[in-house]
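> Residues per chain, in single letters:
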Amino acid sequence: MTVTPLGIPRRMLEFTLDGEEARVPEGSTILDACRAAGKDIPTLCEGDTLRPKNACRVCVVEVEGARTLVPACSRKAEPGMEVRTDTERARHSRKVVLELLASSVDLSTTPKVAGWLKEYEAKPDRFGPDAARLNEEPRVDNDLYVRDYDKCILCYKCVDACGDQWQNSFAISVAGRGFDARIAVEHDAPLTDSACVYCGNCIEVCPTGALSFKSEFDMRAAGTWDEARQTETTTVCAYCGVGCNLTLHVQDNEIVKVTSPHDNPVTHGNLCIKGRFGYQHVQNRD
Amino acid sequence: MDLHFGDSKPTDEERAAVDALLGPPESSWEGAARDEMRAADLRWARGGREARDRRDLLLPGLHAVNDRIGWISEGALDYLCRRLTVPPAEAYGVATFYAMFSVKPRPATVLHVCTDLACAAAGAPQLCAGIEARLGPGSGVSVERSPCLGLCERAPAALAVRAGDPVRTAVSAPATVEAAVLAASSPGSAPEEPPAALAVPQAGQDGLTLLHRVGVVDPSSLDDYRAHGGYTALRRAFELGPAGVIREVTDSGLVGRGGAAFPTGRKWQATASQPDRPHYLVCNADESEPGTFKDRVLMEGDPYALVEAMTIAGYATGAHKGYLYLRGEYPRALRLLEHAITQARARGLLGDDVLGQGYAFDIEIRRGAGAYICGEETALFNSIEGYRGEPRSKPPFPVEKGLFGKPTVENNVETLVNVLPVLTMGAPAYAAIGTGRSTGPKLFCVSGSVERPGVYEVPFGATLGEVLTLAGVREGLRAVLLGGAAGGFVRADELDVPLTFEGTREAGTTLGSGVVMAFDDSVPLPRLLLRIAEFFRDESCGQCVPCRVGTVRQEEALHRIVERTGADAAGDIALLREVGRAMRDASICGLGQTAWNAVESAIDRLGAYE
Ligand code: SF4
Ligand code: SF4
Ligand code: SF4
Ligand code: FES
Ligand code: FES
Chain A
1 MTVTPLGIPR
11 RMLEFTLDGE
21 EARVPEGSTI
31 LDACRAAGKD
41 IPTLCEGDTL
51 RPKNACRVCV
61 VEVEGARTLV
71 PACSRKAEPG
81 MEVRTDTERA
91 RHSRKVVLEL
101 LASSVDLSTT
111 PKVAGWLKEY
121 EAKPDRFGPD
131 AARLNEEPRV
141 DNDLYVRDYD
151 KCILCYKCVD
161 ACGDQWQNSF
171 AISVAGRGFD
181 ARIAVEHDAP
191 LTDSACVYCG
201 NCIEVCPTGA
211 LSFKSEFDMR
221 AAGTWDEARQ
231 TETTTVCAYC
241 GVGCNLTLHV
251 QDNEIVKVTS
261 PHDNPVTHGN
271 LCIKGRFGYQ
281 HVQNRD
Chain B
287 MDLHFGDSKP
297 TDEERAAVDA
307 LLGPPESSWE
317 GAARDEMRAA
327 DLRWARGGRE
337 ARDRRDLLLP
347 GLHAVNDRIG
357 WISEGALDYL
367 CRRLTVPPAE
377 AYGVATFYAM
387 FSVKPRPATV
397 LHVCTDLACA
407 AAGAPQLCAG
417 IEARLGPGSG
427 VSVERSPCLG
437 LCERAPAALA
447 VRAGDPVRTA
457 VSAPATVEAA
467 VLAASSPGSA
477 PEEPPAALAV
487 PQAGQDGLTL
497 LHRVGVVDPS
507 SLDDYRAHGG
517 YTALRRAFEL
527 GPAGVIREVT
537 DSGLVGRGGA
547 AFPTGRKWQA
557 TASQPDRPHY
567 LVCNADESEP
577 GTFKDRVLME
587 GDPYALVEAM
597 TIAGYATGAH
607 KGYLYLRGEY
617 PRALRLLEHA
627 ITQARARGLL
637 GDDVLGQGYA
647 FDIEIRRGAG
657 AYICGEETAL
667 FNSIEGYRGE
677 PRSKPPFPVE
687 KGLFGKPTVE
697 NNVETLVNVL
707 PVLTMGAPAY
717 AAIGTGRSTG
727 PKLFCVSGSV
737 ERPGVYEVPF
747 GATLGEVLTL
757 AGVREGLRAV
767 LLGGAAGGFV
777 RADELDVPLT
787 FEGTREAGTT
797 LGSGVVMAFD
807 DSVPLPRLLL
817 RIAEFFRDES
827 CGQCVPCRVG
837 TVRQEEALHR
847 IVERTGADAA
857 GDIALLREVG
867 RAMRDASICG
877 LGQTAWNAVE
887 SAIDRLGAYE
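One line per chain: the protein sequences are A and B, in this order. Residues 1 to 286, numbered by my numbering, are exactly what the first sequence covers, in order. Residues 287 to 896, numbered by my numbering, are exactly what the second sequence covers, in order.
Mixed in with the good hints, there may be bad ones.
Mimicking EDC-like on lysine to aspartate or glutamate, the simulated pairs with C-alpha atoms at most 16 Å apart in a straight line are [as the list claims (entries may be wrong)]:
1. Lys95(A) to Asp48(A)
2. Lys118(A) to Asp40(A)
3. Lys95(A) to Asp562(B)
4. Lys295(B) to Glu360(B)
5. Lys214(A) to Asp141(A)
6. Lys607(B) to Asp342(B)
7. Lys607(B) to Asp562(B)
8. Lys76(A) to Glu26(A)
9. Lys123(A) to Asp858(B)
10. Lys95(A) to Asp40(A)
11. Lys295(B) to Glu316(B)
12. Lys692(B) to Glu418(B)
13. Lys214(A) to Glu137(A)
14. Lys76(A) to Glu64(A)
15. Lys390(B) to Asp40(A)
16. Lys680(B) to Glu78(A)
17. Lys123(A) to Glu864(B)
18. Lys295(B) to Asp193(A)
Note that these hints are calculated values from the structure, not bench results. Remember, it's a predicted structure, so these values are computed and weren't measured experimentally.
Work out the full structure: start from the sequences and follow the hints.
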């Protein structure tokens, strides 16, 4: 069991959520309040371990008096605010945003998106067969992980995880701008020539599978990846004394990838290269 | 932070370009040659926080290399990163954000040929084709199609930049193939640009308030400026004290001229009262709205006025440092303002003790590098700080957390220059100009199908027709684009709209940045709309989905219907509307929120595609 430290007690504030009174601790976002009230709002760039960049705009809601819609994931609830989450206006924006995304990138490995596309009746095809797509080839330039930017929604999570929010390696950043913006290392070099230390924390946070373990990438290509057949076991990393938690994903008695529990108060899902990728010796059976 | 640098080395020239800005490296930790390594290097490392605090020199550093070499190589970028302790991946992200930089080799001379609205109407496509035919491969000139260069009154326009020490620039406008090729092949000997006053058809007339010195004073002479009333407003400011200045500005009813129309006095008050220090003043001179050139004309024709106005704004809001963020495409304004600031400093009008009043204030110029989005205030802060020019989400607002996370007041050039008459004539007299809710004089940039394109000053409340009459509107007017690419079109029979914030809002349009671009019936409307869509697609920062992908989908739809009307276009128009609505509602910043306005207005008001 993980222990969640209790912060300083916070004052509660009141506002209206879809016509009902809502009470949340000061500092909560609208999304926190929605989740507490059991409302399901789609999110993509929001993640439990990082400050959201509010770039995807699928979580927009209507706030009384605001000229535009606001991102629920980042806007703090304020006393007296009147928030509506499911208006025609908010639903329209979410639908179009989902269509825009699905028409430009490959969302086939993004959890939950298929359900949202259906729920919002999104039709990504209506932009026609010539709609510009990213059309990126997967970059396989090292043995540990693959960057398949054809699946990238530019959520900035990997940038933040590699940068000042977690790893402090600053190995990746956004390059270019507009539709041509891409995640890249310096000089758009191969990963092996970059400042990457292969901690894999960027893979941990990537919401779309644009970053994935080489093992997963290869198995998907071979058609053998099958999450239904996988078991997950959380254990403690044995390499050093820090004691990070590892979750081993095992399929057919082979470790296929390693993640780390985000609710661990010390590591929040972060690992180093050894914990994340150094599992081959476990299954060296010769 | 444990930075990793590759093995690419700068050339001597690249190193010299960076060192000219930052000084020679003090230790091998920051890039001095290994054999120069001193014993002390083994014990201490300059760098760390001290170097990281200079991150804001990244953009000037990129300019230094790009100016000298013409492009930014891996070795040069890595060296700059070492000097500033900036991760190379981030610096690469910054370098690739701006249109004026290249991270691929290119010829030392770049000729930017404007293909934007006014220039397109004035024959830019033929000009481009002609230039390209003359300057084929191997000419040593890279011809690049450019968004509006802010020279619309002299459309079509071209700007040549030749890298070297020093970098040379030449402007050709109105450009012919010969003149543009000459500017590119010998920028040093290209003919001088005409004086800024030529862009002000009213120059020298009585009754001008903002433009009264343009064409009258010598823009390079501080004495001449003072002889024409310069620095009386600053003296008055010192008499009034900071709170008194803010009161005057508030009472004058002055609102921001950049498009958002926020009351200037309120903004200043909100910044002045922040306990957090230091406070910063930022002058937004990144005028990049297609069709806008008034700030350029003010800066070129009366540069000291801006220096004085910034000093007053800094004094009132408790700032001791002002950043002047200037469009990268304005080389003459840069020269004149650099000169003006140096002169003002030498004469005690900037520096530790302004006018002997014990108030310290100085101005630093920062050059943009070709990104329309950097005119958005928070993107501008990021750009100065050495990050990608991506807008931040608000709240927090700049008055609380702006440049370097500190309380910041940000005003554009025209707004600041208005502060001078507010102080010299007093708030009541100023407020008496214009209408009740839109007070003071207003500048309009008139271009397109008119006899005398240029910057016009009229009191708020003049009608669109009156402004067009001043500029000599031509026969066959079909439409007027009001407010620029982010504004909207009005019909030729709507010229009685009063040019005030309320009046244009009532008429369902906007004043925006003061653009009045006239189009006669020879201009193919669908092409124009396509150009607007292309502009926003190019200038989107790419941060948020509705704008990054929405601008592309809109451009595609407009491409499909460029030759179509009626039922054939209906499906795509419906698509445009749906995407446009989501962009307006869900984009992070004003760019995405307004990118659809002009096209929508052309469909609704002009019946484009009917
Ligand atoms: S693996 Fe770690 S160091 Fe490498 S890019 Fe990802 S987050 Fe950065
Ligand atoms: S690679 Fe993944 S984490 Fe990084 S921006 Fe793209 S989608 Fe987000
Ligand atoms: S609206 Fe466009 S320019 Fe503004 S933040 Fe979003 S992508 Fe960037
Ligand atoms: S989840 Fe809120 S904007 Fe992406
Ligand atoms: S300079 Fe070409 S449109 Fe403005």
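> Taking the hints in turn, state whether each one holds.
Checked hints:
no.: 1; hint: Lys95(A) to Asp48(A); result: violated (24 Å)
no.: 2; hint: Lys118(A) to Asp40(A); result: holds (14 Å)
no.: 3; hint: Lys95(A) to Asp562(B); result: violated (42 Å)
no.: 4; hint: Lys295(B) to Glu360(B); result: holds (8 Å)
no.: 5; hint: Lys214(A) to Asp141(A); result: holds (10 Å)
no.: 6; hint: Lys607(B) to Asp342(B); result: holds (14 Å)
no.: 7; hint: Lys607(B) to Asp562(B); result: holds (15 Å)
no.: 8; hint: Lys76(A) to Glu26(A); result: holds (8 Å)
no.: 9; hint: Lys123(A) to Asp858(B); result: holds (15 Å)
no.: 10; hint: Lys95(A) to Asp40(A); result: holds (15 Å)
no.: 11; hint: Lys295(B) to Glu316(B); result: holds (13 Å)
no.: 12; hint: Lys692(B) to Glu418(B); result: violated (47 Å)
no.: 13; hint: Lys214(A) to Glu137(A); result: holds (15 Å)
no.: 14; hint: Lys76(A) to Glu64(A); result: holds (14 Å)
no.: 15; hint: Lys390(B) to Asp40(A); result: violated (46 Å)
no.: 16; hint: Lys680(B) to Glu78(A); result: holds (14 Å)
no.: 17; hint: Lys123(A) to Glu864(B); result: holds (12 Å)
no.: 18; hint: Lys295(B) to Asp193(A); result: holds (15 Å)
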